[in-house]
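Novice: Sequence:
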Amino acid sequence: MITCGCLKENPVIPIKKAIVTQRHRKTYAQALGNTCDIPLFQLPTPCIKGDMVVIRVDEEDYLAGLEDCKTHLHGRIMLSKGDKPLTHLALTKKLQLVLKAIGPWKAISFGKGFYEFEFSPLEDMRWVLEICSWELSPGFLRLFAWT
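Take 1 as the starting number for the sequence shown in the working numbering and just add one per residue.
If you are wondering where the hints come from, they were derived from the structure by calculation, not from laboratory data. In this text, a Cβ means the ideal position worked out from N, Cα and C, and glycines have one as well. Careful, some of the hints might be misleading.
[Said to hold, decoys possible] Across the chosen pairs, the derived CB separations fall in these ranges: (1) I38 with Y62: 43 to 49 Å; (2) R142 with A101: 18 to 24 Å; (3) L129 with T45: 37 to 43 Å; (4) T92 with F144: 28 to 34 Å; (5) D68 with P138: 30 to 36 Å; (6) T27 with R142: 42 to 48 Å; (7) P138 with D61: 38 to 44 Å; (8) R126 with I48: 20 to 26 Å; (9) E116 with I38: 20 to 26 Å; (10) A145 with F41: 22 to 28 Å; (11) K100 with I55: 38 to 44 Å; (12) I38 with M78: 20 to 26 Å; (13) P44 with M78: 23 to 29 Å; (14) L79 with V57: 32 to 38 Å.
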């Protein structure tokens, strides 16, 4: 018997007459923070089309999401072999020195050197995107337009 990890805090999985307890792991959404418990009945109902699971998104919500992301950039920190990776805090501090002249912005770490940057207003995002690469010492940050 295998118990689904998303339904219990500490699922128990019997293996060869021994019981192994798994630690509760955060979901991707929980790791990003600002999460809340949403009852399952409030989530859209998935359906299967061919070999894919599909969830319908209202056009109004889709367009609102696109509008929100117009001021976002993708970023990747590129390091040389042997360079120690920057922490999220260290990256933010380095960029605050350079980006102090623009409006509010924030960086969201996706791990392994990938980031999402959000700017306000749109003109600030365009200014940052024109530069494309930022020397960080160690490494550099390469920015891409959100697609």
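Novice: Any hints this thing doesn't respect? Which numbers, in order?
Specialist: Going through the list in order, the structure violates hints 1, 4, 6, 8, 10, 12 and 13 and respects the others.
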